[in-house]
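**Student:** Assemble the complex: chain C is given as a structure, and chain Z must be docked to it using the hints.
Chain by chain, the residues run as shown.
2 protein chains.
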Amino acid sequence: MNKPHLVVVGSVAIDWIITPRAERPESVGGSATFFSMAASYLSQVRLVGVVGRDFPDYAVADLRANGVDVSGLEIVQDGLTFRWKGQYHENMNDRTTLETHLNVFEKFQPRLPAEFRGSEYLFLANIQPRLQSDVFAQMQRPRLVGLDTMNLWISIANDDLKAVLKNVDVLTLNDEEARQLSGEHNIVKAARAVRALGPRNVVIKRGEYGALLFDADGEVFSAPALPLEDVVDPTGAGDSFAGGFMGWLARPGVEPNGASLRTAMIYGSVMASFCVEGFSYDRLKGLDAAAIQRRFETFASLTNFDRASLT
Amino acid sequence: MNKPHLVVVGSVAIDWIITPRAERPESVGGSATFFSMAASYLSQVRLVGVVGRDFPDYAVADLRANGVDVSGLEIVQDGLTFRWKGQYHENMNDRTTLETHLNVFEKFQPRLPAEFRGSEYLFLANIQPRLQSDVFAQMQRPRLVGLDTMNLWISIANDDLKAVLKNVDVLTLNDEEARQLSGEHNIVKAARAVRALGPRNVVIKRGEYGALLFDADGEVFSAPALPLEDVVDPTGAGDSFAGGFMGWLARPGVEPNGASLRTAMIYGSVMASFCVEGFSYDRLKGLDAAAIQRRFETFASLTNFDRASLT
Numbered sequence: 294m295n296k297p298h299l300v301v302v303g304s305v306a307i308d309w310i311i312t313p314r315a316e317r318p319e320s321v322g323g324s325a326t327f328f329s330m331a332a333s334y335l336s337q338v339r340l341v342g343v344v345g346r347d348f349p350d351y352a353v354a355d356l357r358a359n360g361v362d363v364s365g366l367e368i369v370q371d372g373l374t375f376r377w378k379g380q381y382h383e384n385m386n387d388r389t390t391l392e393t394h395l396n397v398f399e400k401f402q403p404r405l406p407a408e409f410r411g412s413e414y415l416f417l418a419n420i421q422p423r424l425q426s427d428v429f430a431q432m433q434r435p436r437l438v439g440l441d442t443m444n445l446w447i448s449i450a451n452d453d454l455k456a457v458l459k460n461v462d463v464l465t466l467n468d469e470e471a472r473q474l475s476g477e478h479n480i481v482k483a484a485r486a487v488r489a490l491g492p493r494n495v496v497i498k499r500g501e502y503g504a505l506l507f508d509a510d511g512e513v514f515s516a517p518a519l520p521l522e523d524v525v526d527p528t529g530a531g532d533s534f535a536g537g538f539m540g541w542l543a544r545p546g547v548e549p550n551g552a553s554l555r556t557a558m559i560y561g562s563v564m565a566s567f568c569v570e571g572f573s574y575d576r577l578k579g580l581d582a583a584a585i586q587r588r589f590e591t592f593a594s595l596t597n598f599d600r601a602s603l604t
Numbered sequence: 294m295n296k297p298h299l300v301v302v303g304s305v306a307i308d309w310i311i312t313p314r315a316e317r318p319e320s321v322g323g324s325a326t327f328f329s330m331a332a333s334y335l336s337q338v339r340l341v342g343v344v345g346r347d348f349p350d351y352a353v354a355d356l357r358a359n360g361v362d363v364s365g366l367e368i369v370q371d372g373l374t375f376r377w378k379g380q381y382h383e384n385m386n387d388r389t390t391l392e393t394h395l396n397v398f399e400k401f402q403p404r405l406p407a408e409f410r411g412s413e414y415l416f417l418a419n420i421q422p423r424l425q426s427d428v429f430a431q432m433q434r435p436r437l438v439g440l441d442t443m444n445l446w447i448s449i450a451n452d453d454l455k456a457v458l459k460n461v462d463v464l465t466l467n468d469e470e471a472r473q474l475s476g477e478h479n480i481v482k483a484a485r486a487v488r489a490l491g492p493r494n495v496v497i498k499r500g501e502y503g504a505l506l507f508d509a510d511g512e513v514f515s516a517p518a519l520p521l522e523d524v525v526d527p528t529g530a531g532d533s534f535a536g537g538f539m540g541w542l543a544r545p546g547v548e549p550n551g552a553s554l555r556t557a558m559i560y561g562s563v564m565a566s567f568c569v570e571g572f573s574y575d576r577l578k579g580l581d582a583a584a585i586q587r588r589f590e591t592f593a594s595l596t597n598f599d600r601a602s603l604t
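As given, the protein sequences belong to chains C and Z, one line each in that order. Taken in order, the first sequence gives residues 294 to 604; the numbers are from the numbering used here. Taken in order, the second sequence gives residues 294 to 604; the numbers are from the numbering used here.
Do not rely on the hints blindly, as some may be mistaken.
All copies of an identical chain are treated as equivalent in the list; a pair is satisfied when it fits inside any one copy or across any two copies.
Okay, derived cross-link-like pairs now, EDC-like style, lysine to aspartate or glutamate, Cα gap no bigger than 16 Å in a straight line [said to hold, decoys possible]:
1. Lys378 / Asp427
2. Lys455 / Glu392
3. Lys378 / Glu316
4. Lys482 / Glu383
5. Lys296 / Glu469
6. Lys296 / Glu413
7. Lys482 / Glu501
8. Lys378 / Asp468
9. Lys378 / Asp523
The hints are simulated quantities; they were obtained by calculation from the structure and are not laboratory data.
Just chain C, same shape as in the assembly:
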């Protein structure tokens, strides 16, 4: 039997990151990049994206070295890569966008290589909802579709977003986005309203506070975040989470259900915790199954407690 494949479409970027303690210009980033590096340790990843002539060869080589199929990465020779410059504040959660240059991303029309279209798993990372729909339409019949989005699309492309959400099994978004999309402040009510838009499962990411899963059976799961002493760069944490999450679900023999989604939440949290320990995908590069598994055990012990009784 062939191993199942996981297609991701999203941004591939060159970021310029400023944190209170350090700065990294030319930091390779983008939602599809982080997702692919994280998921590559768990399953067979196929990346769809676009870059310009300035995109460094080493980054393509890094993706390839991790087994990512980059045949869907379009390289536009007369264009420049999407660039984002941002500054993190003291709490490492709030950030300010200093510059955004869409460059080749502005006219991006994702086109899936023929052999990608029959893939079993699809993740629509954070890009314009209309492009997410285009990609979905090119797929034959994926078993499971995940999607990430952001406040911008909720504001300026709300109808397009709601259209693509009808095809989605798992939506990941942060708490503010859940409130914005639903119009509900309370997070339980917000999750219910978001599920009514289509996604049977909703993952609400809360940064340093972990993530919540509201699943298709109406159950709630709370995944902790690992308290880390040194957060170097939070960029890509959410995409790395999605990579670990989808990567687990796309493994041979894993059926998508309430139990496997919970395990997926932990692998997502594991990959996010590695991501923030370095700039770019530095910490996602040299991992192996044993290192990931050790951190999975750390997460397990983080929430483990003895069952007790008063009665």
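**Tutor:** The following block gives chain Z in isolation, referenced to the frame of chain C:
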């Protein structure tokens, strides 16, 4: 063998609570009140505090009905009870203090009844650190001492606070207070710095995001908060947490160690989750062991996931 006793000293208050959806004037509150009501379901509570002639008889009767020994509650006939008026904002986390009247609390000199002094467990709820020290000095030899504090004392009574902390086994405080007390922004570093002040165990409360335990063995435990659809009034959540936490540790046969502290964190979270479902101690009143145990199981399922492996 006699059951162990748990002494709490703290405020007993009449609050005026305004939330975005409702208002409750004359809402009986105070740190010792919430603590006592929550802990009363788990162990033998002895309350030390002060009120004025305006304190309602029904509240004393409610404490008694829950088995709380109120012989340490001083009633000053020519004074009025401590009053606090506060308003919660839309997110139900931020609040603004509108009025504070210390009243009888201004000259409070806690005096423990003779039979309280040999109690095995002591919780110094949020009051002036110097009073916390006075109470500690009146105790013979408690097995375990817990303490809660607030930003005000960290600012204006820092030396007094640091003095009493040397006698404390478990300190509970929120994340902002941990940062303020330690001067460290990162929560792991903050917890370590706070532990160096005396308390071998530090509990960092994060409101709707749960709580973290940094224990005497250097282990970290993350307790989730229950995502609730209707938060009526967050007042007293932290004190109710402390009540459930200390209440578990003060049960016959429970030895204070890393494992029992984790279980205590969950009973604390359980009692906090009940507290916020009503004004004052409304929801903490009619509970029983079975209802508490059912919610304990809800917390267990909230973080439960299958162990899995990549290797």
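**Student:** Would you mind marking each hint as holding or not holding in the structure?
**Tutor:** Taking the hints in turn, this is what the structure says about them:
Taking the shortest Cα distances, Lys378 and Asp427 never come within 16 Å of each other, neither inside one copy (28 Å) nor across copies (55 Å). In the homo-oligomer, the alpha carbons of Lys455 and Glu392 never lie at most 16 Å apart, since the shortest distance is 28 Å inside one protomer and 46 Å across protomers. Only within a single protomer do Lys378 and Glu316 lie at most 16 Å apart by alpha-carbon distance; the minimum there is 11 Å, versus 46 Å between protomers. Taking CA atoms no more than 16 Å apart as the test, Lys482 paired with Glu383 passes between copies only; the shortest distance there is 14 Å, against 31 Å inside one copy.
Taking the shortest alpha-carbon separations for Lys296 and Glu469, neither the intra-copy value of 37 Å nor the inter-copy value of 48 Å comes in at or below 16 Å. Taking the closest pair of Cα atoms, Lys296 and Glu413 come within 16 Å of each other only inside a single copy of the chain (10 Å); across copies the shortest separation is 61 Å, beyond that limit. Proximity of Lys482 to Glu501 under the C-alpha cut-off of 16 Å is restricted to the inter-copy arrangement: shortest distance 15 Å between copies versus 22 Å within a copy. With identical chains, the CA atoms of Lys378 and Asp468 are never at most 16 Å apart, being 23 Å at best within one copy and 30 Å at best between copies.
Proximity of Lys378 and Asp523 under a CA criterion of 16 Å is satisfied in neither setting, with 22 Å inside one chain copy and 40 Å between copies.
Of the numbered hints stated above, those contradicted by the structure are hints 1, 2, 5, 8, 9, listed in ascending order.
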